[in-house]
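Between the sequences and the hints, there should be enough to build the whole structure, so can you do that?
So the protein lines, in turn, are chains A and B. Numbered by our numbering, the letters in the first sequence go through residues 250 to 629 in order. Numbered by our numbering, the letters in the second sequence go through residues 80 to 459 in order.
For the record, the hints were derived by calculation from the structure and aren't laboratory data. Hints are all accurate, no fakes.
If you only want the chain B side, here are some residues facing chain A, beta carbon under 10 Å, derived:
(1) S207
(2) L278
(3) D406
(4) I411
(5) G414
(6) E424
(7) W431
(8) K444
One side only, chain B facing chain A, incomplete, derived with CB under 7 Å:
(9) F235
(10) I273
(11) E274
(12) K275
(13) M276
(14) Q344
(15) F345
(16) A354
(17) G413
(18) Y417
(19) M418
(20) A419
(21) A432
(22) V435
(23) T439
(24) E441
Derived BS3-like pairs: lysine-lysine, alpha-carbon spacing no greater than 30 Å straight-line:
(25) K446(A) x K340(B)
(26) K124(B) x K179(B)
(27) K289(B) x K517(A)
(28) K289(B) x K253(B)
(29) K527(A) x K444(B)
(30) K458(B) x K384(B)
(31) K517(A) x K250(B)
(32) K259(A) x K516(A)
(33) K458(B) x K527(A)
(34) K116(B) x K447(A)
(35) K340(B) x K425(A)
(36) K516(A) x K458(B)
(37) K517(A) x K459(B)
(38) K123(B) x K187(B)
(39) K340(B) x K447(A)
(40) K516(A) x K444(B)
Note that beta-carbon positions come from the ideal geometry of N, C-alpha and C, so glycine has one too.
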Amino acid sequence: MFYELNDEQKAFRQRVRQIYEREVSPLVEECERNETFPVQLFPILGAEHLLCLRCPKKYGGPGLDKISECITVEELNRICVGIGASIMVQGGLATDPILHFGSEDLKQKYLSPAVRGEKIGSFALTEPNAGSDASGIRTTAVKHGEGYRINGSKTFITNGTICHFATVAAYTDPSKRGKGINLFVVEREDSGFSVIKKLRKLGNHSADTAELAFDDCYVPKERMLGGQEGGGLGQLEETLKSGRLTYGARSTGVGQAAFEAILSYVKKTERHGQPLSKSQAIRFILAEMAMSLEVMRYVTYRGGWLFDQGLATMKDASVVKLFCSETVQSIVQKAMTIQKNAGLMIDNPVQRFLRDGRANKIPEGTSEVQHLVIAGGLGL
Amino acid sequence: MDFRLSDEQKDIQKAAREFAQGEFDPDVALELDENGKFPESLWKKAAQLGFIGMHYPEEVGGQGLGLLENLLVIEAFCRVDSGIGAALSTVDLGSEAILKFGSQGQKKQFLVPLIKGEKRMGVAFAESEDGNDFSPLSAVSERKGQEYFVRGEKRFVLNASLADSFLTLCKEPKEGWITLMVERAGDGIAVHPIEKMGLKMISFGDLLFKDVRVPVANRIGREGDGMTHALHCRQAMGLRSAAQALGTAEGALDMAMGHAKQREQFGRRLSQFQAIRHKLADMAVGIEVARWLAYKSATEYDQGKIDPLFFSITQLEVGRKLVRGVDEALQIFGGYGYMAEQAIEHYFRDAWAIGVGLGTEEEQKDAIADIVLGPDSIKK
Chain A
250 MFYELNDEQK AFRQRVRQIY EREVSPLVEE CERNETFPVQ LFPILGAEHL
300 LCLRCPKKYG GPGLDKISEC ITVEELNRIC VGIGASIMVQ GGLATDPILH
350 FGSEDLKQKY LSPAVRGEKI GSFALTEPNA GSDASGIRTT AVKHGEGYRI
400 NGSKTFITNG TICHFATVAA YTDPSKRGKG INLFVVERED SGFSVIKKLR
450 KLGNHSADTA ELAFDDCYVP KERMLGGQEG GGLGQLEETL KSGRLTYGAR
500 STGVGQAAFE AILSYVKKTE RHGQPLSKSQ AIRFILAEMA MSLEVMRYVT
550 YRGGWLFDQG LATMKDASVV KLFCSETVQS IVQKAMTIQK NAGLMIDNPV
600 QRFLRDGRAN KIPEGTSEVQ HLVIAGGLGL
Chain B
80 MDFRLSDEQK DIQKAAREFA QGEFDPDVAL ELDENGKFPE SLWKKAAQLG
130 FIGMHYPEEV GGQGLGLLEN LLVIEAFCRV DSGIGAALST VDLGSEAILK
180 FGSQGQKKQF LVPLIKGEKR MGVAFAESED GNDFSPLSAV SERKGQEYFV
230 RGEKRFVLNA SLADSFLTLC KEPKEGWITL MVERAGDGIA VHPIEKMGLK
280 MISFGDLLFK DVRVPVANRI GREGDGMTHA LHCRQAMGLR SAAQALGTAE
330 GALDMAMGHA KQREQFGRRL SQFQAIRHKL ADMAVGIEVA RWLAYKSATE
380 YDQGKIDPLF FSITQLEVGR KLVRGVDEAL QIFGGYGYMA EQAIEHYFRD
430 AWAIGVGLGT EEEQKDAIAD IVLGPDSIKK
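Written out as structure tokens, the structure reads:
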């Protein structure tokens, strides 16, 4: 049984926390206000070996496990959810398909610079008409000469305006629902690839989110993952399985941030001449937050452990994502209500945690989709 | 018992709805929200059509109706746009104290320009961080001859930058608690604007009074009654917040239903999925409960016999339904709900700001328990 991080993992957590506090914390306020991602962070985190945690040493990566990745994601989201989104995609959705299904050439070409933070990746699956329903995408990749011509539009794409390459899902055979999908690596310089617009959001302001268009975008066949037509849906599922597990750490991180903020507020605030910390109702709320965080962390790292053992199923991943992204809502919501007026102030990070944390019930499968997957996993 | 609205009330509701639907342009709403601008021209139009202060007596230009009718207007406005609706319903904050405790002269002086849409007012009660706690009051008004000299700081004042006058709670060394109408036209009021996460169209901030001269004629009611005035206002303001909450939850449900009926995933419209249907059903239940709580409380207010127990129950439950309903509505929109282009995004932020006006759960439960258990129940 897996109960606690070992000494090495604990030391790793200490180290990454220090790095994020040193390198990321000073950037947060300005990036959130200006709604921009600090691209200069990529090479800095690359130099610290904190991008693409699971990428093998062979391609310049740290070659660590899922648990280590979860540690970094939790710690980074504790500092900033928006910035965390971009870094998470770099080491997850954007590069995982290349790592697991790409040719040796593609790995050399894209993973090595991604690990160093020289190239930024994005993952383009969601479309205006296909969110929860991945098989419902309409983007097509039609054979043309020695490659494919991609046509379609993608939306809510993290790193959309800043990426150097995108891992794009498209139908090579639209007649086969789901089964006719392939993943392609598209480069920013490829003719026909364009950013339609950057999207403004409720939270995650420092994350770069965009709508992309592919207009007769030619991609050589070598950049199709897996080397043959079809099979992309399975690749997507493997990618999302890992991503959904990561979401446990993402929710835990922002929950932890909200908890720390409200704990310090409660300790220093008086109401009606009484310290707020003496209110039994408030004490109970904080106790429940602490309990929720314990359980979220356990669920997350157990999921990571299962993944590292090769045992994690889609259902396991959905359990982690659903439980943590729902549980964190009550933490951020309670942290808001305790503060009342003060909680509304833009300068108060708790309202940011509420807006940022709210996202987690949506990407990489909404809570409703996670229910569907879990129910399916029960054999229903 | 008659739970039906009168024909006149239904006409008011219909007129308010038609006005809002005809005049509140969704694009303008997004722009005003983004830029934190007050809907000036809509305010003027709403006033011309009699939507401001219809519960004031006819001799000052009102329609002699009740707060319930005022609430019906607020509800209808917020249903069409939470931000514009709340902004238009906040221009006469605190006027209830003048209505109930002011002299004929004060009513003419302060209420007529509100009804005409020429002036706005605000309340300056709170001094502590949590906004509703008036007890550690430091604002002092010293009387010298026919003038008071007001000094001190007031926090979290709505309309801080735009109101022409503030109903200000302060303490006079000899007279005790008093409320004064402090006009901005004079010298000595400094505003520290605060940016907040929701209801961005309403200016918000702290006020610093530096020996502001206020004529004795601007004192509302009797010496020593200031706290009574403040608490009376707080009831009226609480009910207005309830109407904002109700309208906002209704608007969120309208949008979510509209989206669910047209959005297709997995080859079916969202409105065909049981889980989504049940979410919408829950929201409809919440709104129905909130509506009758708010209407009953307003009716009691108009009859001059508001039940403090029922009032707190109303505040508590309407607040819960609001947050829950808007959150679920956003979820039904999926990724789109998180994008600032969709109105539900600001409904979510506005809901949290409106919720502050309803008090925290702990506060309302304290009040309810005090009444239900009796005042002696807490004594040792």
